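Chemist: Using the sequences provided together with the hints, build the complete structure.
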Amino acid sequence: MKISSKKKLTYVLIEIGLIIVSLIMFMPFLLAIFISFMEPTEVFTYPPKIFPSKINFGNYIDALNTIPLGKMLLNSLLVSSCVTVGKLITGTLGAFAFSSFNFKGKNTLFFTLFITLFLPAETVLILPLFMIMSKFGWINTYWALIIPFTASATNTFLFRQHFLTIPTELEDAAKIDGASPMQYFRKILIPLSGPMIAGASIINFVTAWSMYLWPMIVSMDTNKYVAQIAVKMFIASDVINNWAVIMAGTILVALPTLILFFVLQDLFVKSLVTSGLKG
Amino acid sequence: MIPTLLIIILFIYWPTVSAFLLSFYKEAPFGNVKIFVGFENYIELFRNQYYIEALKVTLIYVLITVSSVIFFGYLIALLLDNKVFGVKFYRTLIFTPYAISFTIAGALWAFMLNPVVGHISYFVSRLTGTRINWLAEPPYALISITIASIWKMLPFSIIFYLAGLQSIPEEVIESAIIDGTNNWQRIWKIKFPMLSPTTFYLIIMEITHSMFQSFGLIDIMTKGGPIGTTTTLIYRLYLDAFYFQKTGEAAAQSVILFLIMCFITFFYFRFGEKTVHYQ
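Read top to bottom, the protein sequences are chains S and E.
Here the numbering used here = 1-based position in the first sequence + 162.
Counted from 1, the second sequence has number 156 at position 161 by the numbering used here; the numbering is strictly sequential.
Simulated from the structure, these hints should not be mistaken for laboratory data.
As the structure is a computational prediction, the values presented were derived from the model and not from experiment.
Worth double-checking, as some hints may not be accurate.
What the hints assert, rightly or not - List time: in silico BS3-like cross-link candidates among lysine-lysine, alpha-carbon distance up to 30 Å:
#	chain 1	residue 1	chain 2	residue 2
1	E	241	S	297
2	E	218	E	241
3	E	218	S	211
4	S	349	S	266
5	E	184	S	432
6	S	170	E	83
7	S	394	E	51
8	S	170	E	78
9	S	168	E	83
10	S	169	E	184
11	E	184	S	168
12	E	78	S	169
13	S	297	E	21
To be verified - Covered by chain S, per the in silico footprint, the following chain E stretches (three or more residues, Cβ under 8 Å):
#	region
14	9 to 21
15	92 to 102
16	110 to 120
For every residue, glycine included, the Cβ atom is placed at its ideal position computed from N, Cα and C.
Modeler: Following this line, the structure appears as structure tokens:
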């Protein structure tokens, strides 16, 4: 009896703890959503209101009209998709080379990649990278937002790790059947990596979608801006301090990755943890 | 292999070399004349009080955010590692900040801390009786940045700790219970040491998050102010490179950041390799 009542108490305490933590972690989103539905004047009531008096989407329309947010969201979609596809291609090919072939300088190559594993080049090396972009004439183009990010050590190591778990008998059998290495890669390796590819894709997409400093530096006009910069434009242009519109805009920028996360949470979490595994 | 390598060499190694080269030159104010100055840029950097200030701010900020994220991340993961009612729902709510960018996190917190309309700002002023201008007064601006960053960075740690906790074999815990350990001892003397590879990986990842990725959050919330109290190394680099256009000094800063990251990667390679065992 005593043990079970103690267990019940722990259970209740854990439940309460989780409710409190969930509230704290999710509160900023809730508030942002509520504010985004308020009339601009409602935001300024004192003490601050939490719930809007009625749901109106006017602020969302204002957010889309005050700056070319629609165009910026499309830019983000284009850039993030291209980066994701690029990383998948280079990542799987590079991993295939590492896992299936023995060649001279393999270890040196491996090390060359390894050094860059934790290095966010677009922030640490921002000035020289910017100079290279201007040498290429890529300033204020999509190229500058896409090409430098189409390969990464993380992706290569992630797929290498996965390819190594595929039994070598498969490759041998394919060879006997007269398949070339590229056929083996396309017809066997890639189809066997479905979940891995899906997982890597969403993580790469979210990472690309979240880029801020680099696009801010290399894009010069609103036509080429990505959606993250919209957040800065909203905050910076708050002459009237219209937080309802700012929050509506912020939500629109956050929505694509939030939806991805809510729909594919398990895949998200699983691939994130796998990508943390050492290559 | 070749595409990966090409991208990495073009956009990581080339800018690295160019950062090293630039850091030994000074550009004349007019025209493109470059003068070789040896280590003068580095010496000037360490005599520059703004740089030293940024170094201090970064140290405090990284130390507090990373240690809090590790500590609370582990605690919250422990809570989530229970089969209680609605745990999957709590997990989704708690993980959500992972799916947004630092920039968006900055906007959400800038609103909540706004002295006129913000809910947290109102709540604290009711509690303490004084109105604080969170983002514009020296000690509070850094505190705000730190809290917002911890909120944004926490889910990453929780995800990894939770996966780690779930991979601890049941027998280990059962035999610990038989050995007469209490819950507290199991949490800190058995589980935590078993997860040390996770902790090690997380410390490194969260250091890079707070050193570099946090730029968006700082740029939205405080722009490095007031009087430089939230200017971290990456923000300083951005200002010197693109605002003040001090090419040589900015390159020297890049080199220093690059060396720090190399050191961290080497450290991970040297000590992390042997101990990582998530699965």
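Chemist: Against each hint, give a clear statement of whether it holds in the structure.
Modeler: The hints, checked one at a time:
Of the supplied pair hints, the one linking residue 241 of chain E and residue 297 of chain S holds, its CA atoms being roughly 19 Å apart against a limit of 30 Å. For a cut-off of 30 Å, the pair hint linking residue 218 of chain E to residue 241 of chain E stands: about 19 Å separates their Cα positions. Restraint check for residue 218 of chain E and residue 211 of chain S: the C-alpha separation of about 28 Å stays at or below 30 Å, so the hint holds. As the CA atoms of residue 349 of chain S and residue 266 of chain S are separated by approximately 27 Å, the hinted pair is consistent with the 30 Å bound.
Annotation: proposed proximity of residue 184 of chain E to residue 432 of chain S holds, straight-line Cα distance about 27 Å (limit 30 Å). Straight-line distance between C-alpha atoms of residue 170 of chain S and residue 83 of chain E comes to about 20 Å, which keeps the hinted pair within the 30 Å bound. Proposed proximity of residue 394 of chain S and residue 51 of chain E is supported: the alpha carbons are some 26 Å apart, at most 30 Å. Our distance criterion of 30 Å between C-alpha atoms is met by residue 170 of chain S and residue 78 of chain E, whose separation comes to about 13 Å.
Restraint check: the Cα-Cα separation between residue 168 of chain S and residue 83 of chain E comes to about 24 Å, which is no more than 30 Å; the hinted pair holds. This hinted pair checks out: residue 169 of chain S and residue 184 of chain E have alpha carbons roughly 22 Å apart, not beyond 30 Å. Taking the CA atoms of residue 184 of chain E and residue 168 of chain S, the gap is about 22 Å. The hint holds against a cut of 30 Å. Restraint check for residue 78 of chain E and residue 169 of chain S: the C-alpha separation of about 13 Å stays at or below 30 Å, so the hint holds.
Taking the CA atoms of residue 297 of chain S and residue 21 of chain E, the gap is about 20 Å. The hint holds against a cut of 30 Å. Counting residues of the region 9 to 21 of chain E whose C-beta lies closer than 8 Å to any C-beta of chain S gives 6; at least three are required, and the coverage claim holds. With 11 residues bearing a CB less than 8 Å from a CB of chain S, the region 92 to 102 of chain E meets the requirement of three and the coverage assertion stands. Coverage of the region 110 to 120 of chain E by chain S holds [criterion: at least 3 residues with CB-CB distance below 8 Å; count 5].
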